[in-house]
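Protein chains in written order, with my numbering: chain A, 1 to 367; chain B, 1 to 146.
For the record, the hints were derived by calculation from the structure and aren't laboratory data.
Check before you lean on any hint, since a few could be wrong.
With the Cβ distance kept under 8 Å, some of the chain B side facing chain A (calculated, not the full set) [stated by the list, open to error]:
hint, residue
1, Ser15
2, Phe43
3, Tyr89
4, Leu130
Calculated Cβ distances over 12 Å to all of chain A for the following chain B residues [stated by the list, open to error]:
hint, residue
5, Ala11
6, Ser24
7, Glu39
In this text, a Cβ means the ideal position worked out from N, Cα and C, and glycines have one as well.
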Amino acid sequence: MGLKTEPFILNVGPQHPSTHGVFRMRVTLDGEVVVDLEPVIGYLHRGIEKLAESRTYTQIIPLTDRLDYLASMTNNFGYVLAVEKLGGIKVPERAEYLRIIMAELMRISSHLMAVGFFLNDLGAMMTPVLYMWREREKIMDLFEMVCGQRLTYNYMRIGGVSQDIPEEFLPALKRFIDEMPRFIDEYEQLLSENEILLVRTKGVGVLPRETAINVGASGPVLRASGVKWDIRKADTYSIYDRFDFDVPVGNAGDCYDRYWVRIQEMRQSIRIVQQAMKQLPAGEVCAKLKQPLRLPVGEVYGHIEAPKGELGFYLVSDNSIAPYRFHVRPPTLINLTALRDMVIGWKIADLIVIFGSIDVCLGEIDR
Amino acid sequence: MTVALDCEQVARRLSQAVPDSVLSLEKSAIVVKGEKLKEVAGFLKGDPDFSFDYLANLTAVDYLDRFEVVYHLVSLTHNHSLVLKVRCYERLKPTVPSVVGVWRAADFQEREVYDLMGIVFQGHPNLKRLFLWEDFAGHPLRKDYL
Numbered sequence: 001m002g003l004k005t006e007p008f009i010l011n012v013g014p015q016h017p018s019t020h021g022v023f024r025m026r027v028t029l030d031g032e033v034v035v036d037l038e039p040v041i042g043y044l045h046r047g048i049e050k051l052a053e054s055r056t057y058t059q060i061i062p063l064t065d066r067l068d069y070l071a072s073m074t075n076n077f078g079y080v081l082a083v084e085k086l087g088g089i090k091v092p093e094r095a096e097y098l099r100i101i102m103a104e105l106m107r108i109s110s111h112l113m114a115v116g117f118f119l120n121d122l123g124a125m126m127t128p129v130l131y132m133w134r135e136r137e138k139i140m141d142l143f144e145m146v147c148g149q150r151l152t153y154n155y156m157r158i159g160g161v162s163q164d165i166p167e168e169f170l171p172a173l174k175r176f177i178d179e180m181p182r183f184i185d186e187y188e189q190l191l192s193e194n195e196i197l198l199v200r201t202k203g204v205g206v207l208p209r210e211t212a213i214n215v216g217a218s219g220p221v222l223r224a225s226g227v228k229w230d231i232r233k234a235d236t237y238s239i240y241d242r243f244d245f246d247v248p249v250g251n252a253g254d255c256y257d258r259y260w261v262r263i264q265e266m267r268q269s270i271r272i273v274q275q276a277m278k279q280l281p282a283g284e285v286c287a288k289l290k291q292p293l294r295l296p297v298g299e300v301y302g303h304i305e306a307p308k309g310e311l312g313f314y315l316v317s318d319n320s321i322a323p324y325r326f327h328v329r330p331p332t333l334i335n336l337t338a339l340r341d342m343v344i345g346w347k348i349a350d351l352i353v354i355f356g357s358i359d360v361c362l363g364e365i366d367r
Numbered sequence: 001m002t003v004a005l006d007c008e009q010v011a012r013r014l015s016q017a018v019p020d021s022v023l024s025l026e027k028s029a030i031v032v033k034g035e036k037l038k039e040v041a042g043f044l045k046g047d048p049d050f051s052f053d054y055l056a057n058l059t060a061v062d063y064l065d066r067f068e069v070v071y072h073l074v075s076l077t078h079n080h081s082l083v084l085k086v087r088c089y090e091r092l093k094p095t096v097p098s099v100v101g102v103w104r105a106a107d108f109q110e111r112e113v114y115d116l117m118g119i120v121f122q123g124h125p126n127l128k129r130l131f132l133w134e135d136f137a138g139h140p141l142r143k144d145y146l
């Protein structure tokens with residue numbers, strides 16, 4: 001006689017260490033196997049898009065810090081680039097280089113967090129993440145040197161950056177960039193061929209290439225599925241065309257490839273920072289603009305390759321001092337579209353790993 | 001660099017493939033008729049010259065006399081882009097067809113627009129509020145919401 005079973009509905013989150021913020025997954029289980037999943041979000045919704053409509057263009061910069069708070073520099077960067085694109089504003093050379101250095105350091109920092117917490121989700125409780133934290137701390141110290149902040153930097157300005165780097169910054173940066181490749185080797189030695197990691201991630205949570213494109217996935221999630229699409233190359237912005245770097249691409253689209261792409265991207269970011277340090281020119285760091293800034297009537301969609309994917313800003317201007325409409329295209333919200341596809345048929349322990357491999361930040365999903 | 005396609009040329013091809021679909025042209029966008037949107041989307045994705053396989057961004061703007069839903073399309077194959085728009089003059093229950101069947105990337109983004117702007121996407125498989133709770137009154141991103 002067959003045993004009668006019933007599906008079981010489990011809420012993972014919103015308060016749960018594996019959800020990387022206040023995120024809820026309504027999971028339907030058949031025993032241990034996931035048969036359905038619905039993401040429930042909005043617990044961190046602060047109405048940033050509405051708030052921005054009553055702030056000047058400069059006052060919006062600190063709001064962007066609070067989107068993906070693990071990558072505030074790149075949020076600043078994406079926003080000021082969109083404003084400059086609409087306003088036709090020229091940025092001094094030195095500021096361009098400083099922005100690139102900060103953005104790539106931010107990418108390393110964000111990927112360190114992503115990989116560290118991904119290992120946490122795998123059950124390697126706290127040890128790998130503390131290794132990653134050790135290096136992230138140095139990046140935070142560097143940022144603190146340039147802008148006095150450790151998390152919400154508010155460093156970039158429309159037309160440049162808020163202030164020049166202090167004397168001690170470049171030597172400290174050089175020290176960090178020189179030693180960082182060895183630390184990445186160390187992570188790889190610990191992790192990349194670790195049998196537990198391989199068994200738990202190879203072939204787990206596969207996102208096929210066609211699905212990845214159709215659901216609008218971006219960043220490491222898209223590239224791990226074998227799509228060579230990096231906005232720094234595909235739609236180059238700022239001065240990325242002056243640097244020599246590769247775009248790491250996976251082929252299986254599984255959790256391991258997403259992990260691997262992030263590790264390789266850190267190495268590429270180091271290459272970019274090395275080149276930018278060598279070429280860094282002297283001079284002004286911010287263009288002189290009439291304040292409060294007014295942009296010509298029109299609209300613009302500016303996008304950049306943020307650590308987690310395509311971060312877009314859609315602005316509509318009516319020539320007043322505040323934008324008429326301010327919309328953020330959050331990479332991780334859209335990366336979550338495929339979560340359900342990726343987890344169905346896997347066990348609940350794998351669900352945590354697959355979700356961790358997407359690397360989300362709720363500040364940006366909920367806005 | 002991603003090339004922004006010339007709107008006039010695309011509009012010419014569009015009106016051949018999907019007759020009576022283009023409403024007007026803007027400097028950098030094509031405004032199409034709502035009732036033809038799904039056909040237009042299907043054509044732009046399927047046609048090998050365009051193959052817009054990637055919906056980068058979907059959002060809406062409230063201009064008080066009308067709503068505009070904006071679609072930023074990219075072709076990862078050809079590395080070119082296009083901006084599509086749909087207008088909606090109804091305020092009580094503005095309705096636009098859903099494009100989830102063409103690009104699943106629209107799933108959460110249409111829910112977000114529905115939640116914050118109150119535009120109903122007909123044919124969306126799961127049109128619920130995304131951020132706010134179910135019995136929240138009003139749509140905060142509308143210009144008349146205070």
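- Please flag the earlier hints that this structure goes against, numbers listed from lowest up. Failing hints, ascending: 1, 2 and 3.
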